[in-house]
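K.L.:
Chain residues, written in single-letter form:
2 protein chains.
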Amino acid sequence: MTDLLSDLAATVDASGILTGDDIGPRYTDTRGHGSAGAPACVMRPTSTAQVSAILKLCNDAGRTVVPQGGMTGLVGGGTPGDGDVVLSLERMNAIEEIDPTGRTMVAEAGVVLETAHDAADDAGFVLPIDLGARGSATLGGLISTNAGGNNVIRYGMTRQSVLGLEAVLADGTVLTSMNRMLKNNAGYDLKQMFIGSEGTLGLVTRCVLRLQSKPLTTSTAFVGMDDFQSVIGFLSLLDSKLGGGLGAFEVMWSEYYDFVDERCPSLKPPLPAEHKYYVLTDVLGADPESDKERFETVLEMAHTQGLIQNGVVAQSDADRDDLWAVREGAGEGFRAIAPMFTYDVSMPILTMDDFATRAMADIEAVFPGATTLILGHLGDGNLHAVVAVGEGSGESHRKVNDILYGIIRDLGGSVSAEHGIGTEKRDYLSWSRTDAEVEVMRMLKRTLDPKGILNPGKVL
Amino acid sequence: MTDLLSDLAATVDASGILTGDDIGPRYTDTRGHGSAGAPACVMRPTSTAQVSAILKLCNDAGRTVVPQGGMTGLVGGGTPGDGDVVLSLERMNAIEEIDPTGRTMVAEAGVVLETAHDAADDAGFVLPIDLGARGSATLGGLISTNAGGNNVIRYGMTRQSVLGLEAVLADGTVLTSMNRMLKNNAGYDLKQMFIGSEGTLGLVTRCVLRLQSKPLTTSTAFVGMDDFQSVIGFLSLLDSKLGGGLGAFEVMWSEYYDFVDERCPSLKPPLPAEHKYYVLTDVLGADPESDKERFETVLEMAHTQGLIQNGVVAQSDADRDDLWAVREGAGEGFRAIAPMFTYDVSMPILTMDDFATRAMADIEAVFPGATTLILGHLGDGNLHAVVAVGEGSGESHRKVNDILYGIIRDLGGSVSAEHGIGTEKRDYLSWSRTDAEVEVMRMLKRTLDPKGILNPGKVL
Chain A
526 MTDLLSDLAA
536 TVDASGILTG
546 DDIGPRYTDT
556 RGHGSAGAPA
566 CVMRPTSTAQ
576 VSAILKLCND
586 AGRTVVPQGG
596 MTGLVGGGTP
606 GDGDVVLSLE
616 RMNAIEEIDP
626 TGRTMVAEAG
636 VVLETAHDAA
646 DDAGFVLPID
656 LGARGSATLG
666 GLISTNAGGN
676 NVIRYGMTRQ
686 SVLGLEAVLA
696 DGTVLTSMNR
706 MLKNNAGYDL
716 KQMFIGSEGT
726 LGLVTRCVLR
736 LQSKPLTTST
746 AFVGMDDFQS
756 VIGFLSLLDS
766 KLGGGLGAFE
776 VMWSEYYDFV
786 DERCPSLKPP
796 LPAEHKYYVL
806 TDVLGADPES
816 DKERFETVLE
826 MAHTQGLIQN
836 GVVAQSDADR
846 DDLWAVREGA
856 GEGFRAIAPM
866 FTYDVSMPIL
876 TMDDFATRAM
886 ADIEAVFPGA
896 TTLILGHLGD
906 GNLHAVVAVG
916 EGSGESHRKV
926 NDILYGIIRD
936 LGGSVSAEHG
946 IGTEKRDYLS
956 WSRTDAEVEV
966 MRMLKRTLDP
976 KGILNPGKVL
Chain B
526 MTDLLSDLAA
536 TVDASGILTG
546 DDIGPRYTDT
556 RGHGSAGAPA
566 CVMRPTSTAQ
576 VSAILKLCND
586 AGRTVVPQGG
596 MTGLVGGGTP
606 GDGDVVLSLE
616 RMNAIEEIDP
626 TGRTMVAEAG
636 VVLETAHDAA
646 DDAGFVLPID
656 LGARGSATLG
666 GLISTNAGGN
676 NVIRYGMTRQ
686 SVLGLEAVLA
696 DGTVLTSMNR
706 MLKNNAGYDL
716 KQMFIGSEGT
726 LGLVTRCVLR
736 LQSKPLTTST
746 AFVGMDDFQS
756 VIGFLSLLDS
766 KLGGGLGAFE
776 VMWSEYYDFV
786 DERCPSLKPP
796 LPAEHKYYVL
806 TDVLGADPES
816 DKERFETVLE
826 MAHTQGLIQN
836 GVVAQSDADR
846 DDLWAVREGA
856 GEGFRAIAPM
866 FTYDVSMPIL
876 TMDDFATRAM
886 ADIEAVFPGA
896 TTLILGHLGD
906 GNLHAVVAVG
916 EGSGESHRKV
926 NDILYGIIRD
936 LGGSVSAEHG
946 IGTEKRDYLS
956 WSRTDAEVEV
966 MRMLKRTLDP
976 KGILNPGKVL
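If you read the protein sequences in the order shown, they are chains A and B. One rule links them: number in our numbering = place in the first sequence (from 1) + 525. One rule links them: number in our numbering = place in the second sequence (from 1) + 525.
Hint data in this document are derived by calculation from the structure and do not stem from the laboratory. Among the hints, erroneous ones may be present.
Note that identical chains are pooled: a pair holds if it fits in a single copy or bridges any two copies.
Claimed, not checked - Computed cross-link-like contacts, DSS-like style, restricted to lysine-lysine with a CA-CA straight-line distance of at most 25 Å:
no.	residue 1	residue 2
1	K817	K793
2	K581	K976
3	K817	K766
4	K739	K766
5	K976	K739
6	K581	K970
7	K817	K924
8	K817	K739
9	K793	K970
Let the hints inform the model, and build the full structure from the sequences given.
P.N.:
And the structure:
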């Protein structure tokens with residue numbers, strides 16, 4: 526190992542390698558998802574050539590490598606074990622170019638999402654990948670996990686914003702596929718393999734991202750409704766009447782809304798807590814003169830059709846922030862019921878109410894008095910669940926996992942909608958994928974990383 | 526071979542296998558792109574299980590298999606050689622289910638695109654994959670080639686409409702990934718490998734497609750402009766002012782427009798032939814009351830800003846058809862200059878005018894008096910070129926290829942935007958992709974099809 530360490534040190538400048546006590550807590554922070562070991566070293570390369578040299582050395586030595594981005598993942602995907610070489614892309618953080626005509630951004634993998642947002646904004650565009658961890662998450666990590674987030678219903682998952690990328694294979698081969706065009710059918714679209722495979726097939730070093738025109742208006746409403754068919758009907762109405770402008774369609778089951786109403790005194794739930802479902806929706810537009818009126822006309826239509834019982838429309842940015850805080854800012858309430866288990870699952874939209882009903886009942890049956898809160902991105906087929914059973918033992922966690930993922934399996938859903946598999950969901954991968962699928966994943970892994978050095982134990 | 530044929534015959538019903546003179550011209554029609562051999566037989570399975578049995582037999586026997594959809598491809602991707610087993614999906618043509626809530630269609634690979642359009646329409650939705658060959662092209666072929674077409678700027682390539690699929694590997698393994706959710710990050714997204722790989726990695730048998738809300742309005746304009754920066758500026762203005770409603774943005778260089786004006790008496794070019802560039806644009810909307818007015822306001826703005834010199838707006842569906850015919854219906858003119866070579870390339874938008882100028886000049890230098898017409902989907906970075914040099918010899922074809930693909934290589938473009946590689950562009954694959962990329966494609970091919978039985982000689 527000493528030989529390998531000195532060889533690794535020779536690939537980078539003095540601050541490009543950290544060992545021993547110099548390895549800060551950043552590199553072993555699991556955010557409560559599993560536990561980390563003591564890495565042999567942390568490599569902080571500044572170029573693709575350095576990444577290639579590091580991987581070649583590790584591959585020749587059979588040394589396992591754990592790639593790290595902003596360390597904001599929620600499934601232990603960047604957690605190192607004892608003796609691993611951590612490869613952090615944090616110093617590869619240049620935005621190389623923005624092409625306003627082609628609407629593309631070329632950037633290194635270590636660029637923090639918010640920095641990329643700002644650069645896109647300065648150029649008059651929007652980079653539509655967005656999520657709460659925007660201040661720390663990096664482009665490479667977002668691509669490696671095919672991150673979802675706030676704008677999926679309009680702009681798709683991260684995959685849809687990636688036009689090209691550069692990845693380094695386990696043996697150090699640099700695979701440069703920095704395509705800038707919307708259309709390119711010249712051979713296999715290799716970049717797809719590295720998007721969402723959590724650093725297990727190759728290490729993303731650079732990317733070409735698609736930028737979008739800035740929406741000029743955002744209209745926001747928070748409504749209450751009494752049956753799930755109306756929730757679906759409202760989604761359908763918005764989508765058909767607003768010409769693809771739907772930017773977010775978030776649903777909260779009443780248990781969550783009531784919880785916020787009772788346990789989060791700093792929030793301002795806008796409606797009386799008397800409905801069964803609450804929907805928060807954003808509609809993006811480009812016509813400041815008429816968009817708001819048009820939005821309110823459609824809301825009126827929804828009310829007349831009996832789809833929504835009650836609702837408020839944001840009249841200002843402050844209003845909008847208050848409404849979104851009800852959906853996203855329940856931290857104070859959660860802290861009061863901690864420890865809790867959180868879930869990120871997807872399923873056909875039609876089965877969502879069934880999922881919620883069964884989840885609450887089945888957990889109550891095993892853990893009487895438990896708190897089960899359901900909310901999520903209904904428009905994307907993605908729900909989140911927060912479960913607190915009074916204690917946080919591994920055994921209870923497993924029991925709740927088995928209950929919820931068992932329902933997901935019945936419904937043909939996915940145990941991971943947007944967070945990935947990492948180490949945390951690995952045991953449940955086969956609950957959403959067939960044996961043949963898992964075997965083909967293993968074949969791909971063996972082909973691209975025959976010694977199994979890349980992010981060992983993650984996904985598979 | 527006789528043993529294999531009788532084993533193959535046993536996998537299907539009597540009309541599931543064709544041999545000898547029963548093999549109709551459909552199965553060897555190359556549409557002028559290369560030449561076909563005499564296949565050993567044509568298999569016409571009716572189920573995934575049959576496809577699996579056929580592939581297993583062929584793989585065990587080391588017999589090559591050529592998958593076929595609607596046979597509308599333009600690069601020889603479905604062309605069989607002597608002794609190949611043709612596997613046509615034409616009888617797997619059921620639309621299994623439409624889920625109006627999840628907005629998904631589940632269908633077999635042999636469904637003809639137009640049939641799928643009609644079914645989506647009946648359910649109140651639109652399946653946005655669309656192209657001229659809609660009456661013959663099948664879903665499996667569209668997926669296997671990642672077809673582009675008319676709606677890419679709004680809805681993306683075929684890849685973006687595929688939520689799930691089922692594919693059969695060379696050895697008969699059935700890989701069922703019939704995901705129905707917009708979000709699913711449970712392990713590698715295996716379906717991506719089969720999209721756009723032209724049947725060389727596996728055979729698509731079924732799919733889950735994403736449906737979209739029907740646009741309620743379409744506004745169409747045909748405008749003339751005098752410099753390329755204005756073309757780009759007009760695209761940018763439409764995109765920013767019309768909230769993502771842009772459905773098509775087609776550009777024609779003056780040489781093409783003048784050609785239509787002179788050689789296509791049945792068409793009705795709407796503007797005097799005095800501009801350098803012509804743009805045909807569709808904008809999709811959802812508000813019948815105000816969309817047209819809004820569109821005309823933006824056109825007025827473009828005129829005031831000096832971006833467009835002249836233009837007409839379609840006042841009826843018949844008007845729209847006439848305008849689109851100028852872009853798509855120049856067949857009578859083409860026939861007069863045949864034989865011709867046609868091209869489908871992509872490049873960064875900013876370099877398009879450079880491409881057109883160089884292409885016309887370089888071809889003229891080698892073939893004085895040649896006709897070179899440039900037009901295409903500018904919004905997608907995709908241009909088509911039609912070149913007639915007075916004769917159609919292989920040598921001339923190769924010379925024109927070398928000229929055009931050489932420019933594309935210089936500009937960082939792609940030798941195939943939407944048609945794929947097939948056999949026709951195979952020699953030029955390395956002009957758009959690096960050696961490392963081609964080697965990884967070969968690795969994937971060896972992994973998934975170790976005996977190389979699937980669509981041999983295509984792509985790689």
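K.L.:
None of the hints should be skipped; say for each whether it holds.
P.N.:
Outcome of the hint check:
1. K817 - K793: Intra 23 Å, inter 41 Å, cutoff 25 Å: intra-copy only.
2. K581 - K976: For K581 and K976, the Cα distance is within 25 Å only inside one copy (12 Å; across copies 30 Å).
3. K817 - K766: both (13 Å within a copy, 15 Å between copies)
4. K739 - K766: both (21 Å within a copy, 10 Å between copies)
5. K976 - K739: neither (45 Å within a copy, 50 Å between copies)
6. K581 - K970: Answer is both; intra-copy 17 Å and inter-copy 24 Å each pass.
7. K817 - K924: neither (47 Å within a copy, 57 Å between copies)
8. K817 - K739: both (17 Å within a copy, 22 Å between copies)
9. K793 - K970: neither (49 Å within a copy, 57 Å between copies)
The structure fails hints 5, 7 and 9 (numbered hints given earlier, in ascending order).
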